[in-house]
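Protein chains in written order, with this note's numbering: chain A, 4 to 151; chain B, 39 to 545.
Derived from the structure by calculation, the hints contain no laboratory data. Incorrect hints may appear among the rest.
[To be verified] Under the rule of at most 27 angstroms between Cα atoms (straight-line distance), these lysine-lysine pairs were calculated in the DSS-like manner:
{"id": "1", "chain 1": "B", "residue 1": "Lys502", "chain 2": "B", "residue 2": "Lys428"}
{"id": "2", "chain 1": "B", "residue 1": "Lys205", "chain 2": "A", "residue 2": "Lys136"}
{"id": "3", "chain 1": "B", "residue 1": "Lys105", "chain 2": "B", "residue 2": "Lys164"}
{"id": "4", "chain 1": "A", "residue 1": "Lys36", "chain 2": "B", "residue 2": "Lys205"}
{"id": "5", "chain 1": "A", "residue 1": "Lys140", "chain 2": "B", "residue 2": "Lys205"}
[Claimed, not checked] Which chain A residues stay away from chain B? Per the calculated CB distances, all over 10 angstroms, these:
{"id": "6", "residue": "Arg11"}
{"id": "7", "residue": "Glu30"}
{"id": "8", "residue": "Thr56"}
{"id": "9", "residue": "Ile75"}
{"id": "10", "residue": "Ser100"}
{"id": "11", "residue": "Ser107"}
{"id": "12", "residue": "Val123"}
{"id": "13", "residue": "Ala135"}
Every residue, glycine too, gets a C-beta built ideally from N, C-alpha and C.
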Amino acid sequence: MSKIFTKRLMKELLDLKHNPPAGVVLEDVNDLKCWKINIIGAKDTLYDGEIFTLQFTFSNNYPIDSPEVVFINHIPVHPHFYSNGHICLSILYDHWSPALTVSSVCLSIISMLSSCTKKVHPIDNDRYVMMAKANPKLTTWEFSDDTV
Amino acid sequence: MSDIDFDEGDDDFLYDESGEDYLDESGEDYLDELDFTEIIQEKQERKKYEVEYKVYSIEEIEDFQNKEIEHVANIIGCFKEHAATLLRHFKWNKERLIELYMDRTEEVTKEAGVIVDAQKLPKLIKVEDFCCDICCDSGDDIESLALSCGHRFCKDCYSQYLTQKIKVEGECRNIQCPSDACNIIVDENTIKMLVSEDTYHRYTSLLIRTYVDDNIFLHWCPAPNCEYAVECKIHDSDLQRLVPTVKCKCGHQFCFGCGLPDHQPCICSLVAKWLNKCRDDSETANWISVNTKECPKCKASIEKNGGCNHMTCKKCKNEFCWVCMGPWSEHGNQWYTCNRFEEKTSVDARDSQSRSRAKLERYLHYYNRYANHEQSAKLDTELYEKTERKMERMQKSSELSWIEVQFLKEAVETVVQCRNTLKWTYSFAFYLQKDNQTTLFEDNQRDLEMAVEQLSELLEEEIKPNRIAELKQRVVDKSIYVKHRREILLEDTAQGLKESRWVFIDP
Ligand SMILES: [Zn+2]
Ligand SMILES: [Zn+2]
Ligand SMILES: [Zn+2]
Ligand SMILES: [Zn+2]
Ligand SMILES: [Zn+2]
Ligand SMILES: [Zn+2]
Numbered sequence: 004m005s006k007i008f009t010k011r012l013m014k015e016l017l018d019l020k021h022n023p024p025a026g027v028v029l030e031d032v033n034d035l036k037c038w039k040i041n042i043i044g045a046k047d048t049l050y051d052g053e054i055f056t057l058q059f060t061f062s063n064n065y066p067i068d069s070p071e072v073v074f075i076n077h078i079p080v081h082p083h084f085y086s087n088g089h090i091c092l093s094i095l096y097d098h099w100s101p102a103l104t105v106s107s108v109c110l111s112i113i114s115m116l117s118s119c120t121k122k123v124h125p126i127d128n129d130r131y132v133m134m135a136k137a138n139p140k141l142t143t144w145e146f147s148d149d150t151v
Numbered sequence: 039m040s041d042i043d044f045d046e047g048d049d050d051f052l053y054d055e056s057g058e059d060y061l062d063e064s065g066e067d068y069l070d071e072l073d074f075t076e077i078i079q080e081k082q083e084r085k086k087y088e089v090e091y092k093v094y095s096i097e098e099i100e101d102f103q104n105k106e107i108e109h110v111a112n113i114i115g116c117f118k119e120h121a122a123t124l125l126r127h128f129k130w131n132k133e134r135l136i137e138l139y140m141d142r143t144e145e146v147t148k149e150a151g152v153i154v155d156a157q158k159l160p161k162l163i164k165v166e167d168f169c170c171d172i173c174c175d176s177g178d179d180i181e182s183l184a185l186s187c188g189h190r191f192c193k194d195c196y197s198q199y200l201t202q203k204i205k206v207e208g209e210c211r212n213i214q215c216p217s218d219a220c221n222i223i224v225d226e227n228t229i230k231m232l233v234s235e236d237t238y239h240r241y242t243s244l245l246i247r248t249y250v251d252d253n254i255f256l257h258w259c260p261a262p263n264c265e266y267a268v269e270c271k272i273h274d275s276d277l278q279r280l281v282p283t284v285k286c287k288c289g290h291q292f293c294f295g296c297g298l299p300d301h302q303p304c305i306c307s308l309v310a311k312w313l314n315k316c317r318d319d320s321e322t323a324n325w326i327s328v329n330t331k332e333c334p335k336c337k338a339s340i341e342k343n344g345g346c347n348h349m350t351c352k353k354c355k356n357e358f359c360w361v362c363m364g365p366w367s368e369h370g371n372q373w374y375t376c377n378r379f380e381e382k383t384s385v386d387a388r389d390s391q392s393r394s395r396a397k398l399e400r401y402l403h404y405y406n407r408y409a410n411h412e413q414s415a416k417l418d419t420e421l422y423e424k425t426e427r428k429m430e431r432m433q434k435s436s437e438l439s440w441i442e443v444q445f446l447k448e449a450v451e452t453v454v455q456c457r458n459t460l461k462w463t464y465s466f467a468f469y470l471q472k473d474n475q476t477t478l479f480e481d482n483q484r485d486l487e488m489a490v491e492q493l494s495e496l497l498e499e500e501i502k503p504n505r506i507a508e509l510k511q512r513v514v515d516k517s518i519y520v521k522h523r524r525e526i527l528l529e530d531t532a533q534g535l536k537e538s539r540w541v542f543i544d545p
């Protein structure tokens, strides 16, 4: 019964190209199933002007399944971002809804950057990075505090 | 020839075993008093080591749930689907649900993810200019559905979403509207409408599973492929004072407290400790696989091929005990202590080396007897199976009927059950502090053990068709005695647990 959601991905792609939200720039789409998107730290925040790259990987079952989202290359120092690029954000895992979009995920991540008051790694960073699999969706996440 | 009790015990409700006789006396008036008499009877019939419990089939659980749902729907005045969501949210605590609902309706329904005053149940319709936010298909002739929150998605996306939740994520009572941050629960009716029959079946069985898992007084029977659940009103804190053995309708007898097979009379916490210890000392466990030992007198090699531990050397006719290798003639005497561990006086246990040797010796004493009963029960069963095949052959050639040899099967079952009890008495005794109470316990243990060995020995006797009635009489009599000894041991141990009479040590 499974249908592949090409129409949905195409629509999201066009929206991002023509009317991207503030601070979100489509960087590279070689493959409809793997996008690279730059996000820019908002003015007057700890990450003002810094540019980070997010990589979105979509399964055939997107958007029923959440996308796999990680930071690549330069990873922001932040209490909810692990130094291997994994992001502790509930909507990417347990609280994903198929009505969420790439844009809404990017905006959530920008808002996590904006509300940060101290550039530190997560407390359990070293242990997590050592143990974690490449795909963050294989981690069992415990969401202590999504507001930071 | 005495009658054989053919009660196979399909109804194993402890409180159901009474009563039948009263019906014979008949008379309408008498029937009115039946309930009361039965209640009295129940109390007397339940033995000290037994607990009250009930076995439910999935259908019975579903019936019960439907009644509760209907009741709540009537009180609140809402759809049954919504009453079901509310009940599941409150983990079927109906009283609390109704109380809180009356108190603060809005808060309660919001938390549970229901809109109770909804006028209609969700259904598939076609909406003009519809565009599905999930697949981005649009048009006038797309079938779509919205829950009472109004978030509308197309049929295909909805069913794919639900199938993913049920089949991949194993969710059931918490499946929410696909819209972001909307917590309205997808009701059972909607799910039935949108997913395949197979997925719906999975969904309902997940609901039942969660129901049983949520209820601390309900446990699934741990037997493979068994679908019965057992209800027993036992709290964790009770487990220090009783052993809640229950018997499922499938025949599996297990402990409600820890889920392991029946381990009367040993309490759960000691069973767990003991099994851990046996696992850690596994190298000492290897001895039991040995079924050959030397006769203590003439050193001839002797093979054990039945459960009975009373051995007779074929060569020198020496009779000895397989467990302690001591002379059998002394085992019936009050002063002989095959089961009791004689602590050596502490004089020679001063240095740590001899202390640890003494500790190991003590452990081995109990472990050997524990493991030996386990092994013997297996051998008893194997021997019986051999006998059964032999009897089948005999039946063909003689007058013997199937019914006439049933007593052997029942006797083997008794032996196996008693060996299981004996096995756990050794684990229990390992943790018992030595005092007057323990002596009493060990006396009961010895008496049961001797009786079991005698019955086990009878089962090894050769069966001659012309003497079968006589053998049967002896086996039946001995079985009754063995059961009686087991009762005494279990009753006294259970009583002791209730009274906190037993003092446990950490050897
Ligand atoms: Zn759709
Ligand atoms: Zn909704
Ligand atoms: Zn069962
Ligand atoms: Zn137990
Ligand atoms: Zn011998
Ligand atoms: Zn012995």
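Against the structure, the hints:
Distance hint between lysine 502 of chain B and lysine 428 of chain B is fulfilled; the C-alpha atoms sit about 11 angstroms from each other, no more than 27 angstroms. Distance hint between lysine 205 of chain B and lysine 136 of chain A is fulfilled; the C-alpha atoms sit about 24 angstroms from each other, no more than 27 angstroms. For the hint linking lysine 105 of chain B to lysine 164 of chain B, the alpha-carbon distance of about 35 angstroms lies beyond 27 angstroms, and the restraint is violated. Between lysine 36 of chain A and lysine 205 of chain B the CA atoms are separated by roughly 24 angstroms; this keeps the pair inside 27 angstroms, and the hint holds.
Straight-line distance between C-alpha atoms of lysine 140 of chain A and lysine 205 of chain B comes to about 18 angstroms, which keeps the hinted pair within the 27 angstroms bound. Under the 10 angstroms C-beta cut-off, the non-interface status given to arginine 11 of chain A relative to chain B is violated; the minimum distance is some 5 angstroms. With a minimum CB-CB distance of about 23 angstroms to chain B, glutamate 30 of chain A clears the 10 angstroms threshold, and the non-interface call stands. Against chain B, the non-interface label of threonine 56 of chain A holds: every CB pair exceeds 10 angstroms, the least being about 25 angstroms.
Residue-level check passed: isoleucine 75 of chain A sits 26 angstroms from the nearest beta carbon of chain B, beyond 10 angstroms. A beta-carbon of chain B is positioned within 10 angstroms of the beta-carbon of serine 100 of chain A; the least distance is around 4 angstroms. Annotated as non-interface, serine 107 of chain A brings its C-beta within 10 angstroms of a C-beta of chain B; the closest such distance is 7 angstroms. With 10 angstroms as the threshold on Cβ separation, the claim that valine 123 of chain A sits away from chain B holds: the shortest Cβ distance comes to roughly 29 angstroms.
Listed as a non-interface residue, alanine 135 of chain A keeps its Cβ farther than 10 angstroms from every Cβ of chain B; the least gap is roughly 21 angstroms.
The structure shown violates the earlier hints numbered 3, 6, 10, 11.
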